[in-house]
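*Asks:* Chain order of the listed sequences is A and B.
So in the working numbering, spot 303 of the first sequence is number 303, and the numbers just go up one at a time.
So in the working numbering, spot 79 of the second sequence is number 79, and the numbers just go up one at a time.
No lab work stands behind these hints: they were computed from the structure.
Remember, it's a predicted structure, so these values are computed and weren't measured experimentally.
No residue lacks a Cβ here, since even glycine has one placed at the ideal position from N, Cα and C.
Treat the hints with caution; some may be incorrect.
Example chain A residues on the side facing chain B (calculated, C-beta under 10 Å, incomplete) [said to hold, decoys possible]:
#, residue
1, Gly121
2, Gln156
3, Thr297
Okay, the calculated bits of chain B under chain A, using three or more residues with CB under 8 Å as the criterion [said to hold, decoys possible]:
#, stretch
4, 49 to 59
5, 109 to 120
6, 134 to 145
7, 150 to 158
8, 187 to 201
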Amino acid sequence: MAQDDNGGHELTTANSSAVEHVRVGDPGTAVVPQDAVPNPGFPTHRPRITDLDPKKQRRAERVVYTLFYLSIVGSIWAIAAYMMFPIESSDPGSVRLNTLFIGLGIALALLAIGIGAVHWGKALMYEQEGIDLRHPVRASEDTIERAVEIFQEADQESGFSRRSVVRNSLIGALIAFPLPAIVLFRGLGPQNQDPVALLSHTMWKAGTRLTRDPEGTPIKAADVTLGSAFHVIPEGLNEAPDRLEEKAKAAVLLMRLKPADMFVSPARRTWNYDGIVAYSKICTHVGCPVALYEQQTHHLLCPCHQSQFDITHEAQVIFGPAKRPLPQLPITVDAEGYLVARSDFTEPVGPSFWERN
Amino acid sequence: MIALIAIGLSFTGGAYAAFNTSTASAAPAAASQQSVDQGKKLFMSNCATCHGLSASGTTNGPSLIGVGAAAVDFQVGTGRMPMAMNGPQAQQKPVQFTGSDITALADYVASLAPGPGIPNASLLDATQGNAANGGALFRTNCAMCHNVAGAGGALTEGKFAPALSGVSAQHIYEAMVTGPQNMPVFNDSNISPSGKRDIITYLTYIEKNPSPGGYALGDLGPVAEGLFIWIFGLGAIIALTVWITAKSN
């Protein structure tokens, strides 16, 4: 038990006049009650109904133990429900029943313990308000001396100061211990590759065919009728060893607009094919897939933070937190009429990173 | 003049359809001239105000040349057309025409120019599709707007993608083929007819099977779930706190 310098006043009741503040120890640490607040007018102590009426007391007692028994029932019910509502792999409804009834049992078991304990404390346990006086933080001189003595003894007995080689080698060992974490965490990143280059380039190359997501079948320009939206992955993505990483960068949305509806800047004159345009599906804000295409307004909406891109104006941001237009994939058709990329994206796709210009 | 344009448009539409047969799904059953005439009368009295006397569109409504019977069956069959009033998008409401009137209107619009027809019953049979493949196609092509559980979602400026529960297989198929309002077109070379049937199978499956995670709160995701836990979860915590700190009687 902690040493207490209250001079024996461990607990005193609020109504008694025994509350005295004794100046103990150093003025820097002791409680000096110069700012003691007078009683602001607390209501006088009011006995509870369970203190006055033994019938009510017995009733509260019954409520508390009934709650604890209910908790036992809940625990047993949870075990029974586990057996009564087994999960059958063919039926999602069985998962639902299983989770629901086990959950109800466990909830009853825990809630009944909690509510019972609180009710016990409020209605039956000793309820006189008391004051626990704060004691000085500083220990007595004897204790301090003894503590210093113990430390000195320990130092002498272990030789921690004397055997400096042993001590320093231990400190060295403790410093070296966390070092493997650096290697392990570095191993989570790209190996022997420049991460900036990895973020700046995707699977698209000149001549890569645009294929349907998820089948990976190539798309003819004639397939993309006015108002269509195709979800596109580069040819060969499904066979790529790091399919998901590549897809997260290379996903593209393909749309066909009337060429008259589109504003095309001189530098991008050759990037669309007869009104068929391809834009990165990765939002330039934080990288959600932007694919909510409205075929009449030609607005593309990101569902995460409501950025809107105007496809008629080269995916310019017209609303929301995105800062840059979606990167456009330059496309054309090959000799067989299939849509192919002219090159990779000319800028990094997706959200900002430090080295991005 | 308008008639000339209509002829020109129907000719180019026909040439296009002849060139690319894969986009016109399920050739419409030969419509009787009587039905077409009946449809024309209905069109003149109910649709021509916005879509024009020759269905070639006005400033108030788009051209219907080449939209096909599927578009008419979807728009009129779900009550979206005739539109009650201008707004961000035509909303579903009680169907305004009888089944035979809708067929007649569809026959009339289909007679103007070839377009997607009403799909064959074999393409709508949810028992024949592959729900797993349908789920993959749905997640790629549809889920971003209609929600992964088909519960619908918001678009820009008051537009929205409607919930898909309770929509008939035929209307789902027709919506994919025709791209009503702001929905993109998913023609048969984008999602094959059997792929469309797989999507219908997937939607039927999720509609018929309960969510394993318990009460789905409308399948709306974090907004509905967050609102629920903020109101009821925090409410319960506040109530318990008040009870614990209150003085006993």
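*Asks:* Please verify the coverage claim for the stretch 150 to 158 of chain B: does it have three or more residues whose C-beta sits within 8 Å of some C-beta in chain A?
*Replies:* holds (count 4)
*Asks:* How does the coverage statement for the stretch 49 to 59 of chain B fare against chain A, requiring three or more residues with Cβ below 8 Å from a Cβ of that chain?
*Replies:* Three-residue rule not met by the stretch 49 to 59 of chain B, so violated; n is 0.
*Asks:* With a Cβ-Cβ cutoff of 8 Å, does the stretch 109 to 120 of chain B contain at least three residues near chain A?
*Replies:* That given contact is violated, which follows from only 0 residues of the stretch 109 to 120 of chain B lying within Cβ reach (below 8 Å) of chain A.
*Asks:* Taking the closest Cβ pair, is Gly121 (chain A) under 10 Å from chain B?
*Replies:* holds, 9 Å
*Asks:* Can you verify the interface hint for Gln156 (chain A): is its Cβ closer than 10 Å to any Cβ in chain B?
*Replies:* At about 53 Å, which exceeds the 10 Å cut-off, the nearest Cβ of chain B leaves the hint on Gln156 (chain A) violated.
*Asks:* So, as I understand it, the hint says Thr297 (chain A) touches chain B; can you test that by seeing if any CB pair is closer than 10 Å?
*Replies:* For Thr297 (chain A), the interface hint holds, since the closest Cβ of chain B sits about 6 Å away, which is under 10 Å.
*Asks:* Within the stretch 134 to 145 of chain B, is the number of residues with a Cβ closer than 8 Å to a Cβ of chain A three or more?
*Replies:* holds (count 6)
*Asks:* Per the coverage rule (Cβ-Cβ under 8 Å, at least three residues), is the stretch 187 to 201 of chain B covered by chain A?
*Replies:* This one holds; 3 residues, not fewer than the three required, reach chain A with a Cβ under 8 Å.
Of the numbered hints given earlier, the model fails hints 2, 4, 5; all others are met.
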